[in-house]
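J.: Chain residues, written in single-letter form:
2 protein chains.
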Amino acid sequence: MRVWKLRNDWDVLRPGVYRQMLSFDENIMLMIVKIHPGACVPKHSHSNLQTGVVIKGKLLFRTDRGEMEISEGWSYYIEPNESHEVYNTTDREAVALDIFMPKRDDYTPYTRPPDVSL
Amino acid sequence: MRVWKLRNDWDVLRPGVYRQMLSFDENIMLMIVKIHPGACVPKHSHSNLQTGVVIKGKLLFRTDRGEMEISEGWSYYIEPNESHEVYNTTDREAVALDIFMPKRDDYTPYTRPPDVSL
Numbered sequence: 042m043r044v045w046k047l048r049n050d051w052d053v054l055r056p057g058v059y060r061q062m063l064s065f066d067e068n069i070m071l072m073i074v075k076i077h078p079g080a081c082v083p084k085h086s087h088s089n090l091q092t093g094v095v096i097k098g099k100l101l102f103r104t105d106r107g108e109m110e111i112s113e114g115w116s117y118y119i120e121p122n123e124s125h126e127v128y129n130t131t132d133r134e135a136v137a138l139d140i141f142m143p144k145r146d147d148y149t150p151y152t153r154p155p156d157v158s159l
Numbered sequence: 042m043r044v045w046k047l048r049n050d051w052d053v054l055r056p057g058v059y060r061q062m063l064s065f066d067e068n069i070m071l072m073i074v075k076i077h078p079g080a081c082v083p084k085h086s087h088s089n090l091q092t093g094v095v096i097k098g099k100l101l102f103r104t105d106r107g108e109m110e111i112s113e114g115w116s117y118y119i120e121p122n123e124s125h126e127v128y129n130t131t132d133r134e135a136v137a138l139d140i141f142m143p144k145r146d147d148y149t150p151y152t153r154p155p156d157v158s159l
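Chain order of the listed sequences is A and B.
In terms of the working numbering, the first sequence has 152 at position 111, counting the first letter as 1, and numbering is strictly consecutive.
In terms of the working numbering, the second sequence has 111 at position 70, counting the first letter as 1, and numbering is strictly consecutive.
Watch out, some of these pointers could steer you wrong.
Identical copies go unnamed one by one, so any copy, or any two together, can satisfy a pair.
[Stated by the list, open to error] As a list, the in silico SDA-like pairs of lysine to any residue whose alpha-carbon atoms are at most 25 Å apart:
1. Lys99 - Glu67
2. Lys97 - Glu67
3. Lys46 - Lys97
4. Lys84 - Ser124
5. Lys84 - Gly107
6. Lys97 - His85
7. Lys97 - Gly57
8. Lys144 - Glu120
9. Lys84 - Asn49
10. Lys144 - Arg133
11. Lys46 - Glu126
12. Lys144 - Thr131
13. Lys99 - Pro154
14. Lys99 - Arg48
15. Lys99 - Thr149
16. Lys84 - Arg43
17. Lys46 - Arg103
18. Lys99 - Pro150
19. Lys144 - Thr130
20. Lys84 - Ser158
I should point out that these hints are in silico values taken from the structure, not numbers from a laboratory.
Let the hints inform the model, and build the full structure from the sequences given.
T.: Written out as structure tokens, the structure reads:
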């Protein structure tokens with residue numbers, strides 16, 4: 042078993058958007074993302090499948106087909122190459138766990154080795 | 042995009058252990074697990090890779106190589122066929138998001154279609 046701890050230092054992905062890379066291998070990559078009130082991840086797409094869960098708060102997800110507010114504990118599934126954008130339109134911090142398959146090569150430089158290997 | 046909502050009805054996996062299946066496809070399966078104080082998931086293994094994140098509280102993970110308390114926001118990575126057991130030794134509820142690759146055939150009957158497809 043390998044374990045990645047959450048640290049106090051978050052990467053700044055964009056203004057008001059912070060992330061930490063967690064467990065990963067060639068096929069999967071976990072990333073925790075913290076989005077401050079009013080902040081957003083603008084429209085983008087990637088060939089990786091993206092699924093995940095809103096861990097805290099609420100986030101508005103928008104695709105070319107519509108938009109939806111996703112609450113704590115709900116999961117989302119975004120097809121490869123499906124455009125999406127994410128907004129925190131609330132007045133409190135939101136946190137999501139993003140899961141990419143396979144791992145995103147553009148995020149690989151930000152991964153870190155496990156903190157503990159048993 | 043597809044969305045699975047969190048419901049008020051949880052499957053009882055074992056005494057004090059509750060789960061809901063979330064997003065999935067052939068290659069990946071997300072499951073949210075709630076473990077009451079004193080409850081556990083006894084030692085088991087499966088051919089699926091299992092990774093995940095503790096979303097709330099703390100959980101003690103034990104493998105044949107040792108044990109470790111995993112805190113909120115930390116992620117774990119359990120190799121295929123690696124024996125593991127999980128305990129909530131605290132006095133408060135703990136919640137984890139488990140991710141299986143590929144999807145677990147034994148859990149497939151408990152999945153549900155997405156609540157929303159955009």
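J.: Evaluate each hint against the coordinates.
T.: To see whether the hints hold, each was checked on the structure:
no.: 1; hint: Lys99 - Glu67; result: neither (30 Å within a copy, 28 Å between copies)
no.: 2; hint: Lys97 - Glu67; result: neither (28 Å within a copy, 27 Å between copies)
no.: 3; hint: Lys46 - Lys97; result: both (18 Å within a copy, 14 Å between copies)
no.: 4; hint: Lys84 - Ser124; result: within (6 Å within a copy, 41 Å between copies)
no.: 5; hint: Lys84 - Gly107; result: within (13 Å within a copy, 44 Å between copies)
no.: 6; hint: Lys97 - His85; result: within (23 Å within a copy, 30 Å between copies)
no.: 7; hint: Lys97 - Gly57; result: both (16 Å within a copy, 23 Å between copies)
no.: 8; hint: Lys144 - Glu120; result: both (14 Å within a copy, 17 Å between copies)
no.: 9; hint: Lys84 - Asn49; result: neither (28 Å within a copy, 32 Å between copies)
no.: 10; hint: Lys144 - Arg133; result: neither (30 Å within a copy, 34 Å between copies)
no.: 11; hint: Lys46 - Glu126; result: between (28 Å within a copy, 19 Å between copies)
no.: 12; hint: Lys144 - Thr131; result: neither (30 Å within a copy, 34 Å between copies)
no.: 13; hint: Lys99 - Pro154; result: between (30 Å within a copy, 22 Å between copies)
no.: 14; hint: Lys99 - Arg48; result: both (23 Å within a copy, 16 Å between copies)
no.: 15; hint: Lys99 - Thr149; result: neither (27 Å within a copy, 28 Å between copies)
no.: 16; hint: Lys84 - Arg43; result: between (33 Å within a copy, 17 Å between copies)
no.: 17; hint: Lys46 - Arg103; result: between (31 Å within a copy, 16 Å between copies)
no.: 18; hint: Lys99 - Pro150; result: neither (29 Å within a copy, 29 Å between copies)
no.: 19; hint: Lys144 - Thr130; result: neither (29 Å within a copy, 33 Å between copies)
no.: 20; hint: Lys84 - Ser158; result: between (37 Å within a copy, 19 Å between copies)
Hints 1, 2, 9, 10, 12, 15, 18 and 19 from the earlier list are contradicted by this structure; the remaining hints agree with it.
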